[in-house]
Amino acid sequence: MPAEVKQEQSPSNQTSLAMMQEPQEVVEETVTIEEDPGTPTSHVSVVTSEDGTTRRTETKVTKMVKTVTTRTVRQVPLGPDGLPVPEGSSPLGSYTDSIDRRYMKNGERFITPQATSTLTRSYNNYSDSYNDTPDTQFRHYTLHDGYGDMPDNYGSLSRGVNYRPYRPYMPTGGYRPENSYTLPIRKDDYGHVAQPQVPMGSSTVDLNRSQPERFQPEPYGLEDDRRSLGPEDEEPYDLEPDYSTANRRTLPGRTIREPLRNGPRVRGYEDPIEAELIDERHPYIHGMYPAPLAQPERGSMASLDRMGGRRSPSIDSIRKDPRWRDPDLPEVIAMLGHPIDPVKSNAAAYLQHLCYENDKIKKDVRQLKGIPVLVSLLDHPKAEVHRKACGALRNISYGKDHDNKVAIKSCDGIPALIRLLRKTNDMEVRELITGTLWNLSSYEPLKMVIINHGLQTMTNEVIIPHSGWEHEPNEDSKPRDAEWTTVFKNTSGCLRNVSSDGAEARRRLRECEGLVDALLHALQSAVGKKDMDNKSVENCVCIMRNLSYHVHKEVPGAEKFQDPSALQAPGSAGTQRKKKDDAGCFGGKKAKEEWFNQGRKNGEHDKNYDTLDLPKRTEPTKGFELLYQPEVVRLYLSLLTESQNYNTLEAAAGALQNLSAGQWTWSNYIRATVRKEKGLPILVELLRSDSDKVVRAVAIALRNLSIDRRNKDLIGSYAMRDLVSNLPSGQQRPAKNLEEDTVVAILNTIHEIITDSSENARSLITAQAIDKLVAINRTSQSARETKAASHVLQTVWSYKELRNALTKDGWNKTHFQPIAAGTPKGSKSCKPGYDDTTLPLMEKSQGHRGCSGGDMIPMDELGPDGYSTIDQRDKDSKYKSSDISSDLQEREPLKNDTNRKHYIRSNRPTVSLVDACDVKPQPVDSWV
Amino acid sequence: MSFIPGQPVTAVVQRIEILKLRDGDNLILGFSIGGGIDQDPSQNPFSEDKADKGIYVTRVSEGGPAEVAGLRVGDKIMQVNGWDMTMVTHDQARKRLTKKKEDVVRLLISRKSLEEVVRQSMMQR
Numbered sequence: 001m002p003a004e005v006k007q008e009q010s011p012s013n014q015t016s017l018a019m020m021q022e023p024q025e026v027v028e029e030t031v032t033i034e035e036d037p038g039t040p041t042s043h044v045s046v047v048t049s050e051d052g053t054t055r056r057t058e059t060k061v062t063k064m065v066k067t068v069t070t071r072t073v074r075q076v077p078l079g080p081d082g083l084p085v086p087e088g089s090s091p092l093g094s095y096t097d098s099i100d101r102r103y104m105k106n107g108e109r110f111i112t113p114q115a116t117s118t119l120t121r122s123y124n125n126y127s128d129s130y131n132d133t134p135d136t137q138f139r140h141y142t143l144h145d146g147y148g149d150m151p152d153n154y155g156s157l158s159r160g161v162n163y164r165p166y167r168p169y170m171p172t173g174g175y176r177p178e179n180s181y182t183l184p185i186r187k188d189d190y191g192h193v194a195q196p197q198v199p200m201g202s203s204t205v206d207l208n209r210s211q212p213e214r215f216q217p218e219p220y221g222l223e224d225d226r227r228s229l230g231p232e233d234e235e236p237y238d239l240e241p242d243y244s245t246a247n248r249r250t251l252p253g254r255t256i257r258e259p260l261r262n263g264p265r266v267r268g269y270e271d272p273i274e275a276e277l278i279d280e281r282h283p284y285i286h287g288m289y290p291a292p293l294a295q296p297e298r299g300s301m302a303s304l305d306r307m308g309g310r311r312s313p314s315i316d317s318i319r320k321d322p323r324w325r326d327p328d329l330p331e332v333i334a335m336l337g338h339p340i341d342p343v344k345s346n347a348a349a350y351l352q353h354l355c356y357e358n359d360k361i362k363k364d365v366r367q368l369k370g371i372p373v374l375v376s377l378l379d380h381p382k383a384e385v386h387r388k389a390c391g392a393l394r395n396i397s398y399g400k401d402h403d404n405k406v407a408i409k410s411c412d413g414i415p416a417l418i419r420l421l422r423k424t425n426d427m428e429v430r431e432l433i434t435g436t437l438w439n440l441s442s443y444e445p446l447k448m449v450i451i452n453h454g455l456q457t458m459t460n461e462v463i464i465p466h467s468g469w470e471h472e473p474n475e476d477s478k479p480r481d482a483e484w485t486t487v488f489k490n491t492s493g494c495l496r497n498v499s500s501d502g503a504e505a506r507r508r509l510r511e512c513e514g515l516v517d518a519l520l521h522a523l524q525s526a527v528g529k530k531d532m533d534n535k536s537v538e539n540c541v542c543i544m545r546n547l548s549y550h551v552h553k554e555v556p557g558a559e560k561f562q563d564p565s566a567l568q569a570p571g572s573a574g575t576q577r578k579k580k581d582d583a584g585c586f587g588g589k590k591a592k593e594e595w596f597n598q599g600r601k602n603g604e605h606d607k608n609y610d611t612l613d614l615p616k617r618t619e620p621t622k623g624f625e626l627l628y629q630p631e632v633v634r635l636y637l638s639l640l641t642e643s644q645n646y647n648t649l650e651a652a653a654g655a656l657q658n659l660s661a662g663q664w665t666w667s668n669y670i671r672a673t674v675r676k677e678k679g680l681p682i683l684v685e686l687l688r689s690d691s692d693k694v695v696r697a698v699a700i701a702l703r704n705l706s707i708d709r710r711n712k713d714l715i716g717s718y719a720m721r722d723l724v725s726n727l728p729s730g731q732q733r734p735a736k737n738l739e740e741d742t743v744v745a746i747l748n749t750i751h752e753i754i755t756d757s758s759e760n761a762r763s764l765i766t767a768q769a770i771d772k773l774v775a776i777n778r779t780s781q782s783a784r785e786t787k788a789a790s791h792v793l794q795t796v797w798s799y800k801e802l803r804n805a806l807t808k809d810g811w812n813k814t815h816f817q818p819i820a821a822g823t824p825k826g827s828k829s830c831k832p833g834y835d836d837t838t839l840p841l842m843e844k845s846q847g848h849r850g851c852s853g854g855d856m857i858p859m860d861e862l863g864p865d866g867y868s869t870i871d872q873r874d875k876d877s878k879y880k881s882s883d884i885s886s887d888l889q890e891r892e893p894l895k896n897d898t899n900r901k902h903y904i905r906s907n908r909p910t911v912s913l914v915d916a917c918d919v920k921p922q923p924v925d926s927w928v
Numbered sequence: 001m002s003f004i005p006g007q008p009v010t011a012v013v014q015r016i017e018i019l020k021l022r023d024g025d026n027l028i029l030g031f032s033i034g035g036g037i038d039q040d041p042s043q044n045p046f047s048e049d050k051a052d053k054g055i056y057v058t059r060v061s062e063g064g065p066a067e068v069a070g071l072r073v074g075d076k077i078m079q080v081n082g083w084d085m086t087m088v089t090h091d092q093a094r095k096r097l098t099k100k101k102e103d104v105v106r107l108l109i110s111r112k113s114l115e116e117v118v119r120q121s122m123m124q125r
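As you go down the protein sequences, you meet chains A and B in turn. With full-length UniProt numbering applied, the first sequence covers 1 to 928. With full-length UniProt numbering applied, the second sequence covers 1 to 125.
Certain hints may be false.
One-sided and incomplete, this derived list gives chain A residues near chain B with beta-carbon spacing under 10 Å [stated by the list, open to error]:
| # | residue |
| --- | --- |
| 1 | E470 |
| 2 | P630 |
| 3 | R634 |
| 4 | K676 |
| 5 | P681 |
| 6 | E685 |
| 7 | Q768 |
| 8 | D771 |
| 9 | W927 |
| 10 | V928 |
Quick list of in silico lysine-lysine cross-link-like pairs, DSS-like style, CA-CA up to 30 Å [stated by the list, open to error]:
| # | chain 1 | residue 1 | chain 2 | residue 2 |
| --- | --- | --- | --- | --- |
| 11 | A | K360 | A | K400 |
| 12 | B | K101 | B | K50 |
| 13 | A | K400 | A | K553 |
| 14 | A | K363 | A | K400 |
| 15 | B | K95 | A | K622 |
| 16 | A | K622 | A | K423 |
| 17 | A | K560 | B | K95 |
| 18 | A | K529 | B | K50 |
| 19 | A | K560 | A | K530 |
| 20 | A | K529 | A | K678 |
| 21 | A | K423 | A | K530 |
| 22 | A | K369 | A | K423 |
| 23 | B | K50 | A | K530 |
| 24 | B | K95 | B | K112 |
| 25 | B | K99 | A | K678 |
| 26 | A | K678 | B | K95 |
| 27 | B | K50 | A | K553 |
| 28 | A | K808 | A | K772 |
| 29 | A | K529 | B | K99 |
| 30 | B | K99 | B | K112 |
| 31 | A | K369 | A | K382 |
| 32 | B | K50 | A | K622 |
FYI, nobody ran anything at the bench for these hints, they're computed from the structure. Quick reminder that beta carbons are idealized off the backbone N, C-alpha and C, glycines included.
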């Protein structure tokens with residue numbers, strides 16, 4: 001019944017709302033890796049914004065130069081093992097790994113102690129011996145000049161000495177000083193020493209690779225390179241024709257050739273080669289970023305360190321050679337296609353860094369067609385390559401520029417990410433993948449794509465395993481708790497976003513095998529562990545809330561449970577039960593139960609909410625059915641009681657709101673179960689929350705819950721004061737200063753509560769609400785508030801029995817009429833079909849209710865439309881829009897009236913909010 | 001042990017005969033029951049199937065007639081003096097157990113451990 005649909009939170013609203021509120025990428029997790037000058041260590045700072053519905057993570061690597069250095073140093077001890085490897089690339093590989101570990105972690109535990117310590121040590125040594133300050137850099141060079149001649153001295157230097165060259169850079173932190181360093185002399189020295197010693201095969205590869213990248217603005221630099229590299233360098237670089245820097249072009253050529261050239265020379269030359277490598281790396285190092293080339297450097301460094309003691313001084317001098325610049329964007333993108341894997345991965349890592357919080361670069365990357373390349377790297381077999389590519393994509397996908405997200409999608413990035421998720425077991429990679437998907441999921445048009453490609457995979461690969469839920473628990477396996485991992489958080493965030501994409505999305509998620517079960521399990525374990533303030537829980541609740549939206553219309557077989565006639569009349573227990581039997585399965589038992597019920601003594605018991613008989617299940621409930629089983633009520637109530645997270649509170653209240661909407665069997669159960677589980681006091685308590693949206697969600701939930709007659713009585717008696725206290729009084733708003741939406745929601749709830757209940761209307765008057773209502777009606781700047789208040793007032797006035805009291809208080813009819821004249825606000829904005837002016841005419845007397853026929857019709861029309869409209873609208877607008885909801889509100893009471901009125905006052909106990917009757921009439925446990 | 005309403009129940013049961021203890025006007029069995037079709041079955045800590053609304057023994061007083069007779073906490077009462085107890089309200093069960101004119105109640109109870117014993121012995125054979 002459309003009419004019944006009260007306000008449900010449309011999931012889309014919620015989600016999108018969240019997104020809107022915190023613009024798409026609300027939460028930003030930033031990992032910044034920096035090294036500070038003094039201590040060459042890397043820092044990771046994580047910035048998380050509270051609100052974050054949508055949470056994005058970016059990793060930033062700052063000042064790579066230093067980072068690189070650090071690693072290198074660190075590597076030193078490790079180096080010997082890795083380096084000897086015959087293949088040039090292998091050292092690189094190891095390097096990469098360590099780097100990845102460091103910063104990919106995104107900084108949470110970012111600094112590796114070893115690295116730091118090592119680095120520091122060397123650094124210190126260096127400082128001590130040389131007493132260097134950035135200013136003295138030149139001095140070093142001077143020394144270098146002397147180098148060639150005095151190898152011995154250098155050799156004696158500690159390992160730290162080897163690093164010395166870097167030192168100046170690190171403290172400075174800037175790029176420029178380095179350039180100034182450039183001294184031709186060094187090169188020469190190096191050249192002399194190094195050149196003859198051509199590297200062994202393995203190192204050659206590295207060397208080659210690195211060399212091309214190096215850019216030397218200064219005249220001298222080139223010469224050196226040439227020398228060592230040979231003429232072949234000149235060959236054009238395939239990938240980046242644009243970048244004609246001579247060095248660059250040479251890349252491919254060298255790579256290939258060098259090995260050949262050097263091949264014969266093999267072993268003996270290791271040291272020099274390495275030195276050369278180092279030299280070449282420099283450019284990247286200088287860049288401060290983990291430039292693509294940085295990797296090779298590491299390898300070389302390591303070897304360098306190894307050799308350090310005995311090495312010839314030339315290395316130092318080589319390193320000092322500053323004539324490098326950072327690769328620019330097209331170069332970096334071109335490097336993504338470089339044949340050597342470490343270059344690829346370094347380029348990707350560098351890109352990730354560049355893109356961090358830099359929308360311009362992201363855009364440039366997109367326009368330079370970097371995104372398809374990165375996506376293609378996702379399928380790369382080498383872990384560090386796809387990891388870094390994924391990291392870059394995550395940063396690129398973050399931000400308001402949806403074109404970046406679309407670009408990832410249009411080169412089939414989403415299936416690629418999902419493929420990788422299926423393939424990899426690396427936690428970091430999974431975090432990156434899911435983080436990227438989360439980012440992508442914030443853009444509406446991509447939601448369905450993500451669902452189509454990744455829903456089941458994300459569920460199977462992440463949600464289910466991390467939730468602790470098991471399909472078929474073994475006898476001996478203990479129930480596991482959920483693990484709140486980053487992967488789970490990211491994935492649930494992604495699903496949370498996609499779950500707001502309308503009915504089809506909801507259907508897909510509901511029917512996704514194991515998803516609902518796992519989410520519920522996770523939430524239950526959160527409640528069990530009293531750990532429910534975290535983001536993962538918030539995401540899970542939000543998904544549940546969204547999936548609960550319109551559940552009474554959308555789940556398969558929902559029609560069976562639609563029971564219009566019986567539903568509105570909770571009093572007519574017998575009929576309802578029979579209806580149920582017809583619908584279902586449990587015929588035999590039902591009859592018996594009914595017999596028992598009849599056998600039960602008196603009229604008290606015929607309010608069937610006391611003995612709510614849920615359909616018996618022949619097999620355990622699973623899948624989407626779990627969404628609306630009364631058992632979930634307790635879960636949500638626990639969350640509402642325990643959680644401190646406003647978003648979680650809002651979502652849990654929203655879930656109850658959604659479940660208690662509509663007129664099907666299950667929403668009846670839910671409404672009664674909330675009462676039985678003593679949920680009403682919990683909800684009322686939350687009306688005092690400081691959070692606007694929590695108050696709003698709770699108010700709307702209470703409204704839906706009051707479809708149940710007994711709930712309405714209870715809420716009217718015990719929640720009225722809290723509801724009223726949330727209303728603005730006269731000019732000044734209450735301390736909380738609630739938003740318009742919230743005020744309207746509260747007014748609508750009050751309206752619902754006093755409809756058909758003069759008792760409740762009386763308690764409204766007692767709660768001093770008339771003052772406020774009249775004030776809102778007359779002075780509010782908001783048309784929606786005015787209108788909602790006016791509806792409440794009209795309803796109050798419609799109870800003739802109350803008019804006396806009202807008149808005594810000094811009110812008269814005009815106070816309760818809509819302010820037609822002078823205030824254009826009220827009805828103008830309303831839908832044409834629904835006009836307020838008719839309201840004053842209707843009197844809410846018993847007689848009036850009888851004539852519901854006429855009223856029903858409009859309701860039916862409006863109901864569904866209103867709903868769908870809301871649904872749509874909400875995607876953009878924040879909440880349900882006022883007009884519509886108020887329309888619904890007005891009508892709704894009428895629809896229910898027909899059935900309700902008969903039994904209404906028959907048994908109206910002096911109820912306490914925790915209904916005594918509900919609490920179980922009999923002792924739960926009695927001695928015999 | 002769970003059952004499906006309307007379906008025959010197969011259960012391993014044990015007969016327990018409790019002689020009520022007279023205490024003035026009161027007859028005491030020395031145990032307490034929980035459950036019933038009017039109760040929330042999910043709160044029953046003893047049932048295996050949380051939808052089971054049967055009557056369960058929740059407490060047994062030390063040295064009381066029930067303990068002497070071998071009744072244990074967690075037993076599910078299937079019958080009392082021949083009356084079915086699997087589909088009754090809590091109050092009905094209580095009344096059935098506390099008839100003033102009956103000095104003896106004969107219970108048919110099922111117990112998880114019993115089922116296991118039977119299952120094991122069957123497997124051994």
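Okay, the hints, checked on the actual structure:
1. Because the beta carbon of E470/A sits about 18 Å from the nearest beta carbon in chain B, more than 10 Å, this interface hint is broken.
2. A hinted interface residue such as P630/A counts as satisfied when its beta carbon comes closer than 10 Å to some beta carbon of chain B; here the least separation is about 9 Å, so the hint holds.
3. Among the interface hints, the one on R634/A holds; its C-beta lies about 8 Å from the nearest C-beta in chain B, closer than the 10 Å criterion.
4. Hint on K676/A holds. Least Cβ distance to chain B is approximately 7 Å, under the 10 Å limit.
5. Nearest Cβ of chain B to the Cβ of P681/A: about 18 Å, over the 10 Å cut. The hint is violated.
6. A least Cβ separation of about 23 Å between E685/A and chain B goes past the 10 Å threshold, and the interface hint is therefore violated.
7. Contact between Q768/A and chain B, as hinted, is not supported at the beta carbon level, the nearest pair being about 38 Å apart and thus beyond 10 Å.
8. With a least beta-carbon distance of about 43 Å to chain B, the hint placing D771/A at the interface is violated under the 10 Å criterion.
9. Evaluation of the W927/A hint against chain B yields a held restraint, the C-beta minimum of about 4 Å falling below 10 Å.
10. For V928/A, the interface hint holds, since its Cβ comes within 10 Å of a Cβ in chain B; the closest pair sits about 4 Å apart.
11. Taken as a hint, the K360/A and K400/A pair is honoured in the structure, with Cα atoms around 12 Å apart against an allowance of 30 Å.
12. A C-alpha spacing of about 35 Å is found between K101/B and K50/B, which places the hinted pair above 30 Å, so the restraint is violated.
13. A hinted pair counts as satisfied when its Cα atoms are at most 30 Å apart, and K400/A with K553/A does not qualify at roughly 34 Å.
14. Between the alpha carbons of K363/A and K400/A the distance comes to roughly 11 Å, so the proposed pair stays at or under 30 Å and holds.
15. A threshold of 30 Å between alpha carbons decides the hint, and for K95/B with K622/A the separation of about 37 Å lies outside it, so the pair is violated.
16. Among the hinted pairs, K622/A with K423/A is consistent with the structure: their alpha-carbon atoms are about 28 Å apart, no more than 30 Å.
17. A hinted pair counts as satisfied when its Cα atoms are at most 30 Å apart, and K560/A with K95/B does not qualify at roughly 38 Å.
18. For a cut-off of 30 Å, the pair hint linking K529/A to K50/B stands: about 22 Å separates their Cα positions.
19. Note on K560/A and K530/A: the hinted pairing is violated, with a Cα-Cα distance of about 37 Å set against a maximum of 30 Å.
20. Between the alpha carbons of K529/A and K678/A the distance comes to roughly 21 Å, so the proposed pair stays at or under 30 Å and holds.
21. A distance of roughly 34 Å separates the Cα atoms of K423/A and K530/A; the hinted pair therefore is violated under the 30 Å criterion.
22. About 26 Å separates the Cα atoms of K369/A and K423/A, which keeps this hinted pair within 30 Å; it holds.
23. A distance of roughly 23 Å separates the Cα atoms of K50/B and K530/A; the hinted pair therefore holds under the 30 Å criterion.
24. In summary, the hint linking K95/B to K112/B is supported, as the alpha carbons are separated by about 26 Å, within the 30 Å threshold.
25. The straight-line distance between the Cα atoms of K99/B and K678/A is roughly 34 Å, outside the 30 Å bound, and the hint therefore fails.
26. Distance check on the hinted pair: K678/A and K95/B sit about 28 Å apart at the alpha-carbon level, within 30 Å; holds.
27. At most 30 Å may separate the alpha-carbon atoms for a hinted pair to count; K50/B and K553/A meet this at roughly 28 Å.
28. Of the supplied pair hints, the one linking K808/A and K772/A holds, its CA atoms being roughly 17 Å apart against a limit of 30 Å.
29. Taken as a hint, the K529/A and K99/B pair is broken in the structure, with Cα atoms around 45 Å apart against an allowance of 30 Å.
30. Distance hint between K99/B and K112/B is fulfilled; the C-alpha atoms sit about 28 Å from each other, no more than 30 Å.
31. Among the hinted pairs, K369/A with K382/A is consistent with the structure: their alpha-carbon atoms are about 22 Å apart, no more than 30 Å.
32. For the suggested pair K50/B and K622/A, the alpha carbons sit about 14 Å apart, so the restraint of at most 30 Å is met.
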